[in-house]
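Protein chains in written order, with my numbering: chain A, 1 to 193; chain B, 1 to 590; chain C, 1 to 246; chain D, 1 to 426.
Worth flagging that the hints you see were computed from the coordinates, not collected in a lab. This one's a predicted model, so the numbers in the text were calculated from it and none came from an experiment. Ideal Cβ positions, reconstructed from N, Cα and C, are used throughout, including at glycine. One should not assume that every hint holds.
[As the list claims (entries may be wrong)] Listed next, the in silico SDA-like pairs over lysine to any residue satisfying Cα-Cα at most 25 angstroms (straight line):
1) Lys44/B / Ala29/A
2) Lys166/C / Glu51/A
3) Lys120/A / His42/A
4) Lys256/D / Phe421/D
5) Lys30/A / Ser267/B
[Stated by the list, open to error] If you anchor each label on the Cβ, the simulated ranges turn out as follows:
6) Gly212/C / Gly73/B: 48 to 54 angstroms
7) Arg220/B / Leu320/D: 48 to 54 angstroms
8) Ala12/B / Leu257/D: 34 to 40 angstroms
9) Ala232/C / Gly109/B: 53 to 59 angstroms
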Amino acid sequence: MDRGVLVFGAGFALAVAAGWLILPGVFYAKVEQPLAFSHEAHTQTGGMACEDCHGFRDDGSFAGIPTLEQCASCHAEAVGTTESERKFVEEYVKLGREPQWLVYSRQPDNAWFPHAPHVKAAGLPCESCHGDHGQSNSLRPLEVNRISGYSRDVMGRPSGPLGLRRAGGMRMDDCVRCHAGADLRHSCLDCHK
Amino acid sequence: MGSSRRRLLQLAGGAGAGLIFTPAPWRLLGDSAIWTQNWSWLPKTPRGALTSRATHCTLCPAGCAVCARSVGGIPTGLWPAGEPLCPAGFAGHHLAWHPQRLREARHDGSPDAAANEVEALRGRLEAIRARRSRECFAVLDLAPGRTASLIHRRLLARIDNGAYLEPPAIEGATARAVSALLPGNVRAALDLQRTKTLLSVGTPVADGWGSPARVTRALRRFRLVHAEAQQSRAADIADEWLRIHPGSETALLAGIAGILIEEGLESPSARRCPDYGEFRAALRRARGETGLAPDRLRQLARTLAREQPAAVVADGDPANGPYAPETQAAAAALNVLLGAVGVPGGFAPRMEVPAPNEWAGVPVSAIESLEDGSIGALLIDEPLPGCSLPWTLVERKLAKDALVAACAWSAVGVSRRAEWIVPAPVFLETLQDTPPAPDAVEASFRISDAFLPPPPDAIDAVTLLARLAGEEMAPAKALEERAAAIHASGNGALTKAGDAEALPVTALDSAEFWQSLKDGGEWRWSKETGGVEPARLFPPGAGLSVEPVRAAERVSGWRPAGVSPLLAKLWQESELKERPGAPRAGGSAS
Amino acid sequence: MIRKNAEGKHARYGMLIDLDRCDGCGACMVACAVENNIPPGRPGANARTGLNWIKVHRIETGGRPAFLPIMCQQCEDETPCVEVCPQNAVELDPATGVVGQIPQRCLGCRYCVTACPYHARVFNWGDPEWPAGMEKTLNPLVSPRMRGVVEKCNFCHGRWHAAREKAAADGSTGNGPVNYVPACVEACPAGAMAFGDLNDPDSALTRAVAAGEAFRLLDLLQTGPKTFYKTAFAAVRKGVAGERDA
Amino acid sequence: MTTALTPSMLLQRERELIRRGVDRCPLPQFLMWTAPWFALLVFGCYAAWLCLSQGLFHTNMDNQYAFGLWIFLDLAVIALGAGAFFTGFLLYVARKQEMKAVINSAVVIGLVCYSGAVAVLMVDVGQPLRAWFTFWHPNVHSMLTEVTFCITAYLTVLLIEYLPVALKNRKLCRVTRYAVFEYELHRLMVVFALLGAFLSFFHQGSLGGLYGVLRGRPFAFREGFGIWPSTFFLFIVSAAAVGPSFIALTTWITEKLSGHRLVEGRVYDTLARISGKILLVYVALKAADTLVWMNATAPARGFAARGFYETQPFGTWILLAEIGVFGLLPGWLLVSRRARASRAVLLCGAALACAGVALNRFVMTIQTLALPTLPFERPAQYWPSWQEAGTFLAVIAFGVLVYSFSFRYLTLFPQERELAFGGEKE
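Using the sequences plus the hints, can you model the full thing?
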């Protein structure tokens, strides 16, 4: 067991440690949201439900993130005292500038995810895919894959530290897990466009 | 020295081996493959609410009803709404983004402010007025027959010695020749939807003539006999193709007319025409060689006489432009002989869309009618692609130091000759309406709404002319006034978008009428006109000569596929439009 | 063959094209390009390098020429392209009978393009380019492809997705066949194209096929195409489908 | 503490790399020989870079000719590269000891042919970054999956077979650990030779199967046994037939270029004899298959056989040339002892055999795509663009360079020292 094997072993251990602990973080760039926003403030103190802001349009398509004027209907003037709300009213509502929210669940352009069949036909609760995002008090930064450009919540195996699975699931594996069970899995064309 | 390098190598070897057991290389492999589907230079589809609104396609006189599907307010497709659409219609929403679209004003090719052009034109106008010279201020309207054209003529009346010019158009040439035979200034149009047999001489019936989509849908209903020297697209789809000698169009028409008279198959209204005897004499002299067997000509004449209502169209062909006046006169005379003039299914009198009475303006004058060098300033209005005009025709009429300005959709059309070019708002950027279709007898008024913002310094020709005439006018205002005039006339009925039944105009108030027109509704007015008798067989002073057609100035005037780059799918990326027997551009059909 | 399964959930979409009505105007080709975000031709593109999911051919038949629109025939008997694709980027969707081409998995080896007897597959020889601003008019139901991948007609599967979403939004919970119309069928001014479900016995398509007036191209190759053609003239059928000794 | 390298020291260092008892031309002259090939390699890499970075519109391929000329050249190069597996098979299995003289050269030729072919495939494929999808989502029904698996596997086997040849280099085998590893590896060569033969048997066959399974192309479609069309077996036999001939050709060319004898006459004779016999077997099988195809397979699919040969320039001459001139003639030349005796006739027979197999690959690739399948289609012409030609020339240049360096620094021909320089027997 001369020194060569030891050195080789040291290099081996170093690489494995780096690979599993540090590298996954390096794959993703953290991007901050333009504004701090608390779902909890709106659902608890504001007493609102998911559908109030994230509703369906009358033609059945999902409206997604509320528009500025929807927010401005309550926030024409600062309702609370928090700094981020003041910044929202000053820099966005007054100037009529649409905040560029970063969407955690933005699916790739080639994936077709309609909310109507899942929410209305299958009656799934928002938490089944979005996890506890609805009760979050602050918005975590969006982790964008530096190479593929997709959000971490949407693409690739959840390789967090030691590969622990993240809460909620909007990755392909999560969709396939439900669809395979409910005999809804025919071919790639079901969800790809 | 040796051992430290070897140690380093061993360390690197260990690290390399260790990496294999971490997710890093495999994630790299996976992410780079996924990266190939999300390249930054690949366009992303737009996001936003999917909406669909009814409007009309005003890219050609047909004015077909369309449903504009939009994402976030930007139209992503025009789809049929009850009536068929032609290929250019499906890509009409691309005109606003056309790569050759002019977006900023230009003076002699270099970018300049649009306002300078208005000043330059106003200065030239003052100079013409000051010099009291014969020179006139002319507007060359390359999309004649629209409401904007009427406004041009009204505003030109306010500018002393203003002249309104229309390009020599092929379409409707026969209809114009037949109108000359009708008493009074009644305009005739071919009632194609009710025709049973149509003899088209050279007219490209299958390439955007008349209302292209309606012609395609009606093709199975009437028998089309097409006479042309080369196997064009119209010859392909015709039920019978007569391969005549090039230039023997007049001989063919005269031949058929002769056989009709010989066998006494001509219509009684023709016999009643005063110049019937003189026409028969002229026919005997006009014997020409058509390249067809005599019995085939006889059989064709009998078919035309038997399968009524039959009509003859000899507008001209894209290769040679409009036919000589003698040919069109012969075609008009043949229509009279067949009894196709003034009756449904033939050349019936066209209902005119009412316009406000105070819109009387300068008369329409053809470019040839002006004397040479008489145009001091020329404003070209080119809102659409599709009109090509031999510039020599216009150049002769320009004065030495004439100023040529243009309001154009792009700088590549006829407007490339202009010193000043200002971008004009195009289809879907401003309210527009369509000229009367050469193959529609009933009067109809349809407009296309504005979906997109026009380029920042775009000026409509009407607005520019209004500024010169010291008046405030915009396309929307003009259309609204015309709608009010139509509503005041109390004629016709309005079909709201999506409804089937038509409401008489009187049942709506003026504001609701205008609003439902903007929402894609359509006003129609048709009245069963009593049989109008043709006044004569021949326009006064026209002879009947059968020597080959004098190739007029090459004017295509057709609506080629300039609307969107996607039409390259037909003209370049497939062999569909290749002329049969043409040398193979790309190679085999695949 | 995908037979209709017990609950009647599976569809086998097919097409019936009346060659006597088609006059080669090309509206279907433009409508298809608008609906499926097919980019305008590269400079110098020709009939063989251009991108067209549906191509109309002009065919000499002695008398009046025939016009034949050809797109992917959605073959279902050991589909040639599905058999040869090395990484399963092409598969026959049992729910709709459509042969699906997945651009994200296709590595552009073009083996399926050689395998297809109908030349219905085209390859992106270069990156798709639209004039500045025109990408705002792309159809969100279809994702634009990238260079180096094969693409083909999938009976406007984006519209099938939209129809499924609309059905769910209107309260239907099942995932049975939905009614939708591809872009070319909606576009045809002459009404020459009919789209239907071969599993549905009383659709116009199935009746015409059962009545035997409809024929298929290259049916001796037994690939089971689901696009049927119809014509009243023997000369047109001979020009289009070749000698019929059988 | 490396001292400044004077030119003479450099030459001395370089000569130490060359095998003892064998002399090679001086380094400058060798570099003069490699310079044009390097230029060609750089030019070809630029052409390939254009295709990779901007897109395949740089080639003249299109939707009808989805496979271009470089795919035919790929197939031909892989067929010629079959010399490696077959020579290995003859040496380690059929116990033909003469093969020992050319086995190293055969391995290098095989490595060069396969790596070149795979490199061109990487440029020809539209999305090379997704090439691993075939391993991750394999379609077990597709012949191309099998080709991809076996070619990559056989490429690694070739690399492993190349290692001992490389490690016997005079300087490298001074490191004891390499020498021990090389010796151990040498004892395992039998296993790798067998593995190589098995993998080559399958991918040469699958390359043939690529065309045989095309039910949409009646010109190429063949019935077969089980899932393998007849072209599967024809491609294997033709590759095995042409392998030894190509080895004989390259050995002769190297002799001419290096100016001294490398192998005994007996080796040429054995290579030619084996190649001739298998070639005649191939011609018989090919003739039988063509008859079955013309009378049964194609007509059943509605395509009369003569229709395939009415499109210019693919007349019936191409069929007769492939079976007659390039099949029967070289077969007879290589088999008859009298003809084989004169080296010129032997080499001419070998060259004809190689050309025959290349013509077969050309016909299966280009003629299959050229012939129309729909009755109204018109045949189309295709001419490769300079980028295509440049990419393939780069592969040839890469091959020549690797072979030149291997010949200079490694022992490709063990008998060379004894034949050319009177040294002791290996």
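Hint check results:
1. Lys44/B / Ala29/A: 21 angstroms, holds
2. Lys166/C / Glu51/A: 19 angstroms, holds
3. Lys120/A / His42/A: 24 angstroms, holds
4. Lys256/D / Phe421/D: Cα-Cα ~16 angstroms, so holds.
5. Lys30/A / Ser267/B: 86 angstroms, violated
6. Gly212/C / Gly73/B: 48 to 54 angstroms: Between Gly212/C and Gly73/B, where Cβ atoms are some 50 angstroms apart, the hint holds.
7. Arg220/B / Leu320/D: 48 to 54 angstroms: Given about 52 angstroms between the Cβ atoms, the range holds.
8. Ala12/B / Leu257/D: 34 to 40 angstroms: 39 angstroms, holds
9. Ala232/C / Gly109/B: 53 to 59 angstroms: The hint (53 to 59 angstroms, Cβ to Cβ) holds, given that Ala232/C and Gly109/B are roughly 58 angstroms apart.
Hint 5 from the earlier list is the only one contradicted by this structure; the remaining hints agree with it.
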